[in-house]
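Chemist: Residue-level listing of the chains:
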Amino acid sequence: GENVEQHPSTLSVQEGDSAVIKCTYSDSASNYFPWYKQELGKRPQLIIDIRSNVGEKKDQRIAVTLNKTAKHFSLHITETQPEDSAVYFCAASNQGGSYIPTFGRGTSLIVHP
Amino acid sequence: EAQVTQNPRYLITVTGKKLTVTCSQNMNHEYMSWYRQDPGLGLRQIYYSMNVEVTDKGDVPEGYKVSRKEKRNFPLILESPSPNQTSLYFCASSLSPDYNEQFFGPGTRLTVL
Numbered sequence: 001g002e003n004v005e006q007h008p009s010t011l012s013v014q015e016g017d018s019a020v021i022k023c024t025y026s027d028s029a030s031n032y033f034p035w036y037k038q039e040l041g042k043r044p045q046l047i048i049d050i051r052s053n054v055g056e057k058k059d060q061r062i063a064v065t066l067n068k069t070a071k072h073f074s075l076h077i078t079e080t081q082p083e084d085s086a087v088y089f090c091a092a093s094n095q096g097g098s099y100i101p102t103f104g105r106g107t108s109l110i111v112h113p
Numbered sequence: 001e002a003q004v005t006q007n008p009r010y011l012i013t014v015t016g017k018k019l020t021v022t023c024s025q026n027m028n029h030e031y032m033s034w035y036r037q038d039p040g041l042g043l044r045q046i047y048y049s050m051n052v053e054v055t056d057k058g059d060v061p062e063g064y065k066v067s068r069k070e071k072r073n074f075p076l077i078l079e080s081p082s083p084n085q086t087s088l089y090f091c092a093s094s095l096s097p098d099y100n101e102q103f104f105g106p107g108t109r110l111t112v113l
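Heads up: the sequence lines are chains A and B, in that order. 59 is the number that the working numbering gives to position 59 of the first sequence; each next residue is one higher, with no gaps. 51 is the number that the working numbering gives to position 51 of the second sequence; each next residue is one higher, with no gaps.
Don't read these hints as lab results, they were simulated from the structure. Incorrect hints may have been included.
[What the hints assert, rightly or not] DEER-style ranges, computed between Cβ atoms: (1) Met50/B to Asp17/A: 34 to 44 Å; (2) Gly16/B to Glu83/A: 41 to 51 Å; (3) Gln14/A to Glu53/B: 22 to 32 Å; (4) Gly16/A to Gly63/B: 31 to 41 Å; (5) Asn53/A to Met50/B: 46 to 56 Å; (6) Glu83/A to Leu113/B: 13 to 23 Å; (7) Glu5/A to Thr86/B: 46 to 56 Å.
All figures in this text were calculated on a predicted structure; none of them were measured in a lab. We put the beta carbon where it would ideally sit given N, CA and C, even for glycine.
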C-alpha cells in the first residue's frame with residue numbers, strides 16, 4: 001500500500017519568514033495530493049491540492065510543488081503570519097483507483113510574532 | 001448552511017458497550033468516509049462509501065462497522081469497543097470520489113475505559 005512520509009514534524013518560524021513542509025510517497029499510481037490545515041481543536045480543512053499532471057500550483061501565499069520522478073511534493077508558505085500556526089497534513093491518493101487517501105503524520109507549524 | 005455533523009461530540013464509555021457515532025451531511029455528497037486521528041499518526045481512514053449501500057474498508061477497519069442506507073447518513077458502529085479505540089474520530093464527505101475536497105465534520109472524541 002501507499003506510504004507517505006512528512007517532514008519536519010515541527011517547524012518554528014518568525015512572522016514574515018517562509019515555511020516549507022515536505023512529503024514523499026511510495027506508490028507511483030498516486031495522482032492526487034491535497035494539503036489540509038488543522039487549527040487547534042478544529043477540523044481539517046483543505047487549503048490546496050495538486051494533481052499529477054501539473055508540477056506546481058499557487059494560491060496567494062501558499063504553493064505546492066510536485067516531483068513525480070522523485071515521488072515528493074512540498075507545501076510552501078510565504079510571508080507567514082501568526083494565524084498560519086496549525087498542524088498541516090499532506091496526503092496522497094489514487095483517484096480512479098482505490099480512492100483511499102494516505103495521510104502524512106502532520107507538521108506542527110508555529111509562527112512567532 | 002452546508003455542513004457535516006457528527007454526534008456525539010464527546011463520549012466516555014466502557015469496554016464492550018456497543019456504541020454508534022452518527023454522521024450526516026446536507027450537501028448531497030456521494031462519497032463519505034470515517035477517519036481516526038491519533039497523536040503522531042495523522043489521519044487514518046477506517047471505512048468509506050462511494051454511494052448508498054456501497055461501503056468498503058479503509059486502512060484500519062478492524063473493530064468497526066458502517067452502513068449507508070441513506071445518502072446523507074453514514075454511522076460508525078463499534079460493536080464491542082476496546083481501549084485501543086480511544087481516539088478522535090472524523091467523518092468526511094465529498095461530492096464524488098473524483099471530486100477533490102473532502103469536508104470534515106467537527107470530530108467526536110471517544111474514550112473507552
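Chemist: Hint by hint, note whether the structure agrees.
Modeler: Evaluation of the provided hints:
no. : hint                            : result
1   : Met50/B to Asp17/A: 34 to 44 Å  : holds, 42 Å
2   : Gly16/B to Glu83/A: 41 to 51 Å  : holds, 44 Å
3   : Gln14/A to Glu53/B: 22 to 32 Å  : violated, 53 Å
4   : Gly16/A to Gly63/B: 31 to 41 Å  : violated, 47 Å
5   : Asn53/A to Met50/B: 46 to 56 Å  : violated, 23 Å
6   : Glu83/A to Leu113/B: 13 to 23 Å : violated, 37 Å
7   : Glu5/A to Thr86/B: 46 to 56 Å   : violated, 26 Å
Hint compliance for this structure: hints 3, 4, 5, 6 and 7 are broken, all remaining hints hold.
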